[in-house]
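Colleague: Residue numbers (our numbering): 40 to 330.
Hints may be right or wrong, so weigh each one.
Said to hold, decoys possible - With a straight-line cut-off of 25 angstroms between C-alpha atoms, the simulated PhoX-like cross-links for lysine-lysine are:
#1 K174 x K91
#2 K115 x K260
#3 K130 x K76
Unchecked claim - Distance windows between CB atoms, simulated:
#4 E288 x G328: 45 to 55 angstroms
#5 A150 x E70: 17 to 27 angstroms
#6 E44 x E77: 38 to 48 angstroms
These aren't lab readings, by the way, just hints derived from the structure by calculation.
Cβ coordinates follow ideal geometry from the N, Cα and C atoms, glycine included.
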Amino acid sequence: MVDFETLSDLVKLARERDCKIGEIVWEYEAEVEGISKEEVWNKMVKHWNVMKDSIEDGLKESFELPCKITERFAGKFLNAKRVFLDDFMSKVVARALAVSEYNSAMGLVCAAPTAGASGVLPATLCSAAEKLNAKEKDIVLALFTASGIGLVIANKASIAGSEAGCQAEVGAAAAMAAGALVELANSTPEQVDHAVAIALKSIMGLICDPVAGLVISPCIKRNAFGAVLAFLAAEMALAGVKSLIPADEVIEAMGEVGRLMHPDLKETSRGGIATTPTGEKIREKIFKGDF
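Turn these sequences into a full structure, and let the hints guide you.
Modeller: Structure follows, in structure tokens:
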């Protein structure tokens with residue numbers, strides 16, 4: 040029976056079995072669900088296909104954001120002239136925006152770990168797959184790695200903006216993606232741990248303050264930042280950069296920060312940019328039906 044509660048448990052098991060963290064999580068899921076490993080694998084393949092489709096559909100021009108409170112930016116960013124970012128990272132950003140915009144328009148996405156943070160993993164893994172010429176089996180295994188990281192965060196802290204702010208949604212997604220990217224690059228289990236810690240530390244304390252209660256602003260752009268952060272955390276870990284604080288302790292600290300966070304900063308739209316003069320005007324217009 041596979042049993043783990045922490046990320047360090049996963050690292051230890053991967054070391055003892057000389058395998059990837061994703062393989063441990065894959066086996067764990069089969070045991071928990073009481074189905075074959077093949078069935079679990081096929082379910083994850085379906086999730087991966089939804090992620091890829093959400094990128095493609097999110098880049099189409101056939102939908103608008105709710106209430107039309109803002110225009111869509113994914114396609115515009117993808118086709119813009121580059122000033123600082125290279126084509127690879129620009130594509131990552133555009134894809135994260137696209138999926139998040141598609142989610143806001145009620146399109147089909149894969150909540151990873153939530154719908155509000157659904158742009159991070161598809162953007163990172165789809166782009167990494169192209170860059171590394173990775174096979175589908177490698178990507179699916181990386182998704183199991185991400186899901187294991189997400190499970191630990193959910194159990195030890197939170198993945199809900201209503202409980203712990205956006206650090207628990209986009210932050211968790213960035214940590215999951217960073218760990219998955221590192222394992223996709225055939226690194227060590229310890230480097231996965233460092234990538235998770237680096238990513239989550241760098242976004243700790245982020246509040247959840249959606250304007251008018253809609254998953255549009257600042258949610259969409261935060262997905263893009265989360266995807267970029269995941270690549271940076273992964274690259275640092277792969278370069279040998281270590282987190283002074285272990286990932287499990289960072290996760291617990293994030294949960295504590297969430298508990299200390301004022302309720303107005305946790306998805307209630309009673310603080311942050313939601314209550315700026317412009318944010319309030321948008322909310323009033325929506326409730327009056329002026330949009």
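Colleague: Does each hint fit the structure? Answer for all of them.
Modeller: Checked hints:
1. Distance restraint check for K174 and K91: the Cα-Cα separation of roughly 14 angstroms lies within the 25 angstroms cut-off, and the hinted pair is therefore satisfied.
2. With a C-alpha separation of about 13 angstroms, the suggested pairing of K115 with K260 holds against the 25 angstroms cut-off.
3. Annotation: proposed proximity of K130 to K76 is violated, straight-line Cα distance about 33 angstroms (limit 25 angstroms).
4. Against the hinted window of 45 to 55 angstroms, the Cβ-Cβ separation of E288 and G328 comes to about 49 angstroms, which satisfies the hint.
5. Take A150 and E70: their Cβ atoms lie about 23 angstroms apart, and the range 17 to 27 angstroms holds.
6. For the pair E44 and E77, the supplied restraint of 38 to 48 angstroms is violated, since their beta-carbon distance comes to about 26 angstroms.
Going down the numbered hints, you'll see the structure goes against 3 and 6, while the others check out.
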